[in-house]
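J.: Single-letter residue listing:
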Amino acid sequence: MTSRRPGRGALGLHLTLAPLALLWLMPLWLMVTYATTPEADFLQPGVPLGLGGALADNWAILLAQTPFPRAIANSVATSLIYTACSIVLTSLAGYAFAQFRFFGRGVLFALVVATLTVPYVVVVIPQFVLVARDFHLSNTWAAVVVPPLFNSLGVFFMRQNFMALPKDMLDAARVEGVGELRIFFQIALPLVLPSTAALGIILFLQSWNNYLWPLLVLSRADAQTAPVALGALVGLDRVHWGALMVGAVVMTMPVLAVFVFLQRYFIAGITAGAVK
Amino acid sequence: MRSLRLTAALLAGMTAPALAADKPSGTITVWGWNIAAEALEHIVPAFNAEHPGVTVKVVNMGHSDLHDRVAADCAAGGTDMPDVTIVENQEAGLLWNRFPACFADMKPLGYDAYANKFPAFKQLDLQADGKVFAMPWDSGPVTVFYRRDLYKQAGIDPQAIATWDDFIAAGKKLSAATGGKVKMATIYKGTDDEWFRMLAVQNGCYYFSDDGRSITVARPGCAKALAKVKDVWDAGILNVGGWDEQIQFDKTGAAASQLYGGWYEGTIRSNDADQSGRWGVYPMPAFEAGGRRASNIGGSSLAIAATANKPAAWAFVSYALGTDAGQISMMKYRGLVPALLSAVDDPYVKQDQPFWGGQKVWADMLETLPRIVPYNATPYFTDARGVMKVVVNDYLDGRYKTADEALRVAADQIAGASGLPVAP
Amino acid sequence: MRRSAVAYGFLFPYLAVFAAFWAWPIVQSIVYSLQNTRGAVPVFSPSANWGRLAGDPVFLRALGHTLAFLVLQVPAMLALAIGLAVALNAPALRARALFRFAFFAPIVVGEVAYSTVFRLLFNGQYGAVNKALAALGIAGPDWLNEPVSAFAVLVIAVTWRWTGYNAIIVLAGLQGIPRELYEAAEVDGVPRWLQFWRITLPLLLPVVAVAAVLSIIGSLQLFVEPQLITRSGPGGATETLGTYLYQQGFRAFNFGYAAAIGYAAAMLALVVSLAQVSLFRSRT
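Just so you know, the sequences run in chain order A, B and C.
All the letters of the first sequence, read from the start, carry residue numbers 1 to 276 under the numbering used here.
All the letters of the second sequence, read from the start, carry residue numbers 277 to 700 under the numbering used here.
All the letters of the third sequence, read from the start, carry residue numbers 701 to 984 under the numbering used here.
Read the hints as simulated data drawn from the structure, not as lab findings.
Remember, it's a predicted structure, so these values are computed and weren't measured experimentally.
Please note that a few of the clues may not be correct.
[What the hints assert, rightly or not] Mimicking BS3-like on lysine-lysine, the simulated pairs with C-alpha atoms at most 30 Å apart in a straight line are:
id, chain 1, residue 1, chain 2, residue 2
1, B, K608, B, K449
2, B, K393, B, K407
3, B, K333, B, K428
4, C, K831, B, K448
5, B, K428, B, K407
6, B, K636, B, K608
7, C, K831, B, K586
8, B, K449, C, K831
9, B, K500, B, K448
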């Protein structure tokens, strides 16, 4: 790899990529500066390119208008539980689709993938009726966490990963009489761990930013998740732009930090899934 | 054993309603949006002075979130519905038509005693099939809210604005004085058709006939209204934005006035508290000198869910909306224009308002109520609005030759969506 | 037989969630689409919704916008994602982590914050975009309030948010291409652009196909941006199948018609995706 010498090509690469990267970061940077901008300065001539002095004020408004710390705690808890459960379910299912030939496999897998094409807004009302009226699960963590566990993309992704495993190795274990569950948890799953971690990040993000479903199933104020609490600041009589941005920054930055930290593994994990 | 049970049941049957009527108790949840929720929260202590046994929890949420939740909850047979919810009058017909079992009939709860306390036109949307689904709260008499200082700087005399043409001329004067930076009002161009509706109702025209059985939007009164909206738009004196932007325009002085329903008073007063004394109101301009200067936009009501703690919910609703104390308190706090007839005679209405530069804004706005032409939003309001926001936008952009042509297209589309015939 | 039992054992928890929380809602929503759901009691009437679609100008307009978005945005975004992935994978690149961060970060931002920032950015009067354009001597449009520019905002917003996501998928594919192939080409004196054309692109096709299918499905369900940023305006210029079905379901409470729109979009997604996949298959 060192044979490729940095030259005019490398300069051009950086000169193209750097402005593009700045452009891409601009909305995020503005989110941060808006979080420090006094409310009266929104939609005024002059874009706040640097930090302002109203962070504390905006934070105070956020705390006064929404149960934000509680909502963040709810979000962290539900997203972590969701991620853990979803990883287990999707990898079990992906493993079955990848490693076993069984009756109905093709049809079942096609069905799972086909559900991706159905817009969620169509399903959400009957799903809510089921969860709220028939199962009486409103305002429970189960209601937020369990229905989204049917994650087709996760199954698809894990199936790709498990297809890359050498079948011989697993069969050798079977010959030695190792149980199927032990083969899965002790041999197969550890081999795809980087991919599982990558999937975990995606699943966490989906749950973390989920809006419509938590809005519907969590009607009690103390059960709200952070996106719903923030959404309550929009379209109201008084528009709390700054507070909204503070909330957004609080929701985004820790996740970004984790992302930066895990970035190397994340891409390695996705790579493992993409290459068969 | 058997007779004992019977006796107990009889006793319970005899005493329970009496007890319930005397002392409602328990916790009720109330959903509202914006200033309406704040106003309800404001009267809870006074309500509790009369009903100490009832705990009221008001939940304030955005209009869209509230709507989504009511849709889902009613579809699920009313599970998770709050005890009391706000319902916008124009959307009421749709709710009763689609989910009649989701809401409690207020008649058995004692509504008849209140029926003559509200104007008939405010109750029309709230009743269906002989049932009363909600109690009227506020109305939205259309008025012009204006900045005294900005008008003065531009040399505009609000008292001299009698017609829409005067309004346009004033707007041009304002533009000239401010280099085009300050506009006369805000329009939700392309995302709503409220300007059209305000002017149409002023002209005695609406999407639908009063009996709700046909589409009347292509009638001359509506065409005249639409053409006038275009005149105002073409003059270049309107800001374009949505609700959030409009509020911000008021804060920053990018708009010198706004045309809106009376309930917008509370929005201005609570958002722009630092501008006390600088605001005023004047009646909406007429189509021609001496013409009608009254219309209505919006207005809400409170409904009780079928699954509610009905005695407690009814106690709260009838206190909040059915008493002068409740309605006047909410008007004072957040500027909601009472539909309760007796509230109009409250001394507070006749007082000078310091925020409004000493003007008697309540008397001025409420005075227009009798001249508002009633209209029927029907269960198809949402469909009609969806069509009209596009047609009005296209007409303002010059994609139709005449207002009449635009509204004929609209009428056909509304017919397609609703199944109602177009009135000849 | 035993294998089947074991396989279903592994599938059980996942399928149990499907059976309990998805199977019935999906069936129910298909049933809705066959009913007139305008009144309090649904009435079986397949033509009420399916018959309405073809003659409904709003549906046709939403369909047109959705397809235009699909044709304009998806290829552009995928091309950009491939370019980005190749650039981010270039050995000569310095500060790689920083660049990756810049392009991948948008995925993390929640929809309420994202849409509010974009509404502020593209405000015609006060927004940062027009301020920047003015500095370059260009008078920017009133982005959100003119039909063409509002549609452009949709394209820009979705591209901003999802290009990095697709670039990750492509990057993963790139890293799976054996280095030896390039080294051999280098020895043979094959120029870089030809290497890209002859080695990189063909070997990337399967991965790009996955990214393409996901983007097609996403486009046909496009909702967040037109709902929260452009509010399907001005004058319905950014109405999409996603916003229209939400409007019918959650605003007009017409669940049946909403379901018909939704399943029309689903069928379209299925057809376009399958066509896409078979096209890619025939190329490789």
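J.: Determine for every hint whether it applies to the structure shown.
T.: So, going through the hints one by one against the coordinates:
no. : hint            : result
1   : K608/B / K449/B : violated, 34 Å
2   : K393/B / K407/B : holds, 17 Å
3   : K333/B / K428/B : violated, 45 Å
4   : K831/C / K448/B : holds, 26 Å
5   : K428/B / K407/B : violated, 51 Å
6   : K636/B / K608/B : holds, 13 Å
7   : K831/C / K586/B : violated, 56 Å
8   : K449/B / K831/C : holds, 27 Å
9   : K500/B / K448/B : holds, 22 Å
Consistency with the previously given hints fails for numbers 1, 3, 5, 7, ordered from lowest to highest.
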